[in-house]
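Peer 1: Given these sequences and hints, build the entire structure.
Number of protein chains: 4
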Amino acid sequence: MIKAGIIGSTGYAGQELVRILLGHPNAEIVWYGSRSYIDKDYSEVYGNMFELVDAKCMDDNMEELAEKADVIFTATPQGFCASMVNDEILSKTKIVDLSADFRLKDVSVYEKWYKIEHKSPQYLEEAVYGLCELARDSVKKARLVANPGCYTTCSILSLYPLVKEHMIDADAIIIDAKSGTSGAGRGAKVANLYCEVNESIKAYGVATHRHTPEIEEQLGYANGAPIVLNFTPHLVPMNRGILVTAYASLVQKYSYEDIRAVYDKYYKDEYFVRILKKGVCPETRWVEGSNFVDVNFVIDERTGRIIVMGALDNIVKGAAGQAVQNMNLMFGLDETEGLRMPPLFP
Amino acid sequence: MIKAGIIGSTGYAGQELVRILLGHPNAEIVWYGSRSYIDKDYSEVYGNMFELVDAKCMDDNMEELAEKADVIFTATPQGFCASMVNDEILSKTKIVDLSADFRLKDVSVYEKWYKIEHKSPQYLEEAVYGLCELARDSVKKARLVANPGCYTTCSILSLYPLVKEHMIDADAIIIDAKSGTSGAGRGAKVANLYCEVNESIKAYGVATHRHTPEIEEQLGYANGAPIVLNFTPHLVPMNRGILVTAYASLVQKYSYEDIRAVYDKYYKDEYFVRILKKGVCPETRWVEGSNFVDVNFVIDERTGRIIVMGALDNIVKGAAGQAVQNMNLMFGLDETEGLRMPPLFP
Amino acid sequence: MIKAGIIGSTGYAGQELVRILLGHPNAEIVWYGSRSYIDKDYSEVYGNMFELVDAKCMDDNMEELAEKADVIFTATPQGFCASMVNDEILSKTKIVDLSADFRLKDVSVYEKWYKIEHKSPQYLEEAVYGLCELARDSVKKARLVANPGCYTTCSILSLYPLVKEHMIDADAIIIDAKSGTSGAGRGAKVANLYCEVNESIKAYGVATHRHTPEIEEQLGYANGAPIVLNFTPHLVPMNRGILVTAYASLVQKYSYEDIRAVYDKYYKDEYFVRILKKGVCPETRWVEGSNFVDVNFVIDERTGRIIVMGALDNIVKGAAGQAVQNMNLMFGLDETEGLRMPPLFP
Amino acid sequence: MIKAGIIGSTGYAGQELVRILLGHPNAEIVWYGSRSYIDKDYSEVYGNMFELVDAKCMDDNMEELAEKADVIFTATPQGFCASMVNDEILSKTKIVDLSADFRLKDVSVYEKWYKIEHKSPQYLEEAVYGLCELARDSVKKARLVANPGCYTTCSILSLYPLVKEHMIDADAIIIDAKSGTSGAGRGAKVANLYCEVNESIKAYGVATHRHTPEIEEQLGYANGAPIVLNFTPHLVPMNRGILVTAYASLVQKYSYEDIRAVYDKYYKDEYFVRILKKGVCPETRWVEGSNFVDVNFVIDERTGRIIVMGALDNIVKGAAGQAVQNMNLMFGLDETEGLRMPPLFP
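Residue numbers (the working numbering), protein chains in the order written: chain A, -1 to 344; chain B, -1 to 344; chain C, -1 to 344; chain D, -1 to 344.
Worth flagging that the hints you see were computed from the coordinates, not collected in a lab. Mixed in with the good hints, there may be bad ones.
Repeated chains share a single entry, so a pair holds when one copy, or any two copies, can fit it.
The calculated DSS-like cross-link candidates involving lysine-lysine, where the alpha carbons are at most 27 Å apart (straight line), are [claimed, not checked]: (1) LYS90 x LYS66; (2) LYS113 x LYS275; (3) LYS187 x LYS38; (4) LYS117 x LYS138; (5) LYS54 x LYS275; (6) LYS187 x LYS54; (7) LYS276 x LYS110; (8) LYS251 x LYS110.
Peer 2: Spelled out as structure tokens, the structure:
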């Protein structure tokens, strides 16, 4: 059994890690870290876990945890993991960091967008960007995995084949993304109160959202050259789910079959990426509670553009599910272990 | 492997059976019956099942199905199962009927509340009312199980210990129940459109809801004498979940510990019934997607009444989950097999 | 023009006062009090008021306000109004207090349920309980009106005719109430976050909710003797609306027409109380944004009980609308002035 | 008093016309047309109108209605108005058509996108496209007004100043729009059931939505040359509201002040168009129930693009409110008459 410790286990992503790991045949949770709820029963913080989790919340002592755990998940605010990680810890345990600390290779980009100093830039090179479908082999050998962001996972997987095959104009990519409210976290803020979110939709972080450089960096690798793009997130009155609608100009006239072929090339054998049938648009309800990403596209011959759509559950494939997928790879397990639950509907 | 056939697999309860059975280690689905969608890919009707279910919807030929299946789930409108079941079918296969056809022992009560003729009253005696926690031994030997209603499961389990131990006045029970909208089914009706249900709450079927006699009959057995009570369902703008708030007069002064002791007596060892800690009210969000029933109570010393609350997921413990729990018992499996998934939150 | 000052104008009830008064032909707002947002543009706190309200939030200086305003609305936490009101203020201006400070005539009951000391018990006798339909004449002459609570308005108006005419057993009244989330206020609490409230329903304050003694006191006056009853509020995932489902035993056999006659007796000429047609259940969606209360009842002959239902918008008739209705009466205006807006649907 | 007849009064837009006209000081409704509910009380179809509307639903006899009404609103499916209108009717009454029949000047474009034959192309030239802010003078003289679509109103008003002033590349406009579910109408379809819409978001009609040519035509006039663009609508789990997020490449470097100046130029004196403060994104909650359109923009210097956002209530400014605004203009009234209600929040 893999002994797993979770730091930040009382955030939404942390709790989802708990849910998934409880059903994982090869892992057990040995540490429910939560600075905010130390010594409180975990099941008092999350009533769904009553009689399923008999543990108290603990502090975030990473040194001690490294002794006890084979893998540590840090579902913590930006800056935490970078400030704690060191050689000794990495010599004893593996880390899957759900924050942004090790996602961007260029420390100056990190510091510019996140507006905090990076405390461990020396690990940036080693850290593997854990988008499993694109970095499977590296993840298998990694000690430190940077678990991708929710918007980024959806955006990158939706566009990757087109960028990689240079079928779209890399200078004219526009990503319009929509997220459920769990993405905003469990902090007590007026803006996230039920009555403020319900019955409304808005864009936020326009031209400034921190997932932008992460998408640009990863798609840039696929492109073989830097990419600058527009990314606009929106807040949707629902609990879970991200939908990405991306727009790009095709570099020449392609048929449906042409495009479909490249999606098949990259994703046909990917368990968690479902290329929908022609004409079917991804909907977040069809992936809720699962680790799937549903993708599809429509060619608009009138404008010469392609509209690519992707849907995932932001706290599963966009956070905790992908983190477990990374853990599976790091420990030589079947990548889908503990993650084959069908989406829950309605 | 238990070969399972589902008639009515494209209703919400039927689809939940699919979801649960896909994760069941000892069962496989051999028949996706759906009169409305014959020959259509199941995954076109429920996009969550894309790449998980590779089958077409079939008709509801129970004769043929009896040859192929070890168990048939009928998630069908009232009257269907009663009109199809016969000795030959029951000699070949087991049936878990999710409709009301075999829930009420008295055919005249059935015909009065459901306003249809019962076509197979000869099986009423044999049929076992499959509220597993209360009828475990009978279910194990049954060929034909009447799977309880959603409101009834929640109402009965909430009140059973108090009635059985004669701690409340059996003539003054009031059950105020609230249900998510999946309970209304997937039929295309104006009243169930998004904009009609959203941002509203209403009572319906006041003094006439068909789950009333079912609750009365089962609690009557516990009481050792007939019970007549008030039951009022409400429609709540959410997908899943039932909350029951029941009111009853205590026959004498009892302490919290007195009452708690009888709940423990009946439920302490029940995996799926969670008696919450003192002061914690059941909430439907804590059971969503799971087979749990959360129960608790508050004594109001001012009025001498007890307020009992129960919460479950109407399409799991209130329908498909309990049906699988019954199947497990009927086939000698661990009752919780395939049903230990933690609740999904948020 | 009546000059109106609002203290607590940035809570949900305060903002609704602004919305209603903006459309009132005989009133203008001269003071937008908000301790939390002093000096901030009101329209930055509530974007709907952009270009409609050109004012900054001010402090809660009641002395100064008394000089400027003909009427002060205190939409403030319990204790505020009682701690501020004095003879000088009351000599200069009228007060409609939306808090509970002057609703309960017995100061010991107030202090027991609210757990704070009452700072101005000397005004309790003078204060008029402003349930306009029942206290119209007193309100007209009042300087200090205690605006009723949201649950209480709905509960009292639903049950009043039956209690007043002694048609039900006053010792066996059970009120099961359901409220939208705006009733919880705009404070930043985890329990009221979107993801915590959405897709769930729960009871809260069971046997301890502070609206209980208020309902009991007012129905006790109608009854001519004290009443003790059960009141259980529930939180519903919607913005606005309260639904009350009340249960009571009829003291003898009554026909529909008997009961209907007494409802007509009290409410036939009431503009804001709508007695629905036989068989129609109140739904909160039909009163949203309006000052209406929809009521109806069902007689359950099987149990000898009557189920009474009432629906209103908790921040209109349950708060700001009723406050303006009181203001209209206090200033000799048509009671419906500024309040005849039809409900908004969907 | 203007005598108004409504054909299609039981759809969501029709009902909103009723709500608005009930509060209009210069209009009264003389005909509640509804083919589906003939002879039924209007208030049985819409319970909010109980005791406010005392009328039965009538058929859609436009001949008879022309005799009785000064203005007819046709809130009907595509094709209805075109098949009914004739010279005699237009000689007796004015028409505001809420369908698409007279929005597109080129009949072949209409027939291509709507896939029905146009029965009255002879009135296309006369018909005025009633986007009041842009066509005020023509509307004043019109007999037949084509009331714009909901998505189109929001899209056009958001982009108009930039197109008109040639500040953006007219060949690279991308409009990503999000709508509440009332836009799907009140027809009983499985896809619009509560449980199907709730907790999900999806794109639909990708590259084929019928509002596309309408936006293109109107923006083409502003541009002085044809425009072809991408328009993608999305369904959002909320009742009301449309949010448009539009992307375009600036033809040169502009400052915030440059862009703001052109928005001010066109909208500064428009009552219903609110240009938000710098940095504030439009949110649908701030316009709900009102006739306002909130617009704003962000310049992304990294990509040289501008992101323009607009929010309105799809059944007010996107349908019934704008229809009344048109009526006001056609009858020489103040354009805002009956339409100054503040947005309802929460």
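Peer 1: Each of the hints needs a verdict: does it hold here or not?
Peer 2: Going down the list of hints, with the structure as the test:
In the homo-oligomer, the alpha carbons of LYS90 and LYS66 lie at most 27 Å apart inside one protomer (9 Å), although the nearest pairing across protomers, at 54 Å, exceeds that limit. Proximity of LYS113 to LYS275 under the C-alpha cut-off of 27 Å is restricted to the inter-copy arrangement: shortest distance 25 Å between copies versus 43 Å within a copy. Proximity of LYS187 to LYS38 under the C-alpha cut-off of 27 Å is found in both arrangements, the shortest distances being 22 Å within a copy and 18 Å between copies. Taking CA atoms no more than 27 Å apart as the test, LYS117 paired with LYS138 passes inside one copy only; the shortest distance there is 25 Å, against 62 Å between copies.
For the identical chains of this complex, LYS54 and LYS275 are inter-copy neighbours only, at 16 Å across copies versus 46 Å inside a copy, given an alpha-carbon limit of 27 Å. Taking identical chains as interchangeable, the C-alpha atoms of LYS187 and LYS54 lie at most 27 Å apart whether they share a chain (26 Å) or sit on different chains (22 Å). Proximity of LYS276 and LYS110 under a CA criterion of 27 Å is satisfied inter-copy only: 22 Å between copies versus 41 Å inside one chain copy. In this assembly of identical chains, the alpha carbons of LYS251 and LYS110 lie at most 27 Å apart only when taken from different copies (23 Å versus 39 Å within one copy).
In summary, the structure agrees with every hint in the numbered list given earlier.
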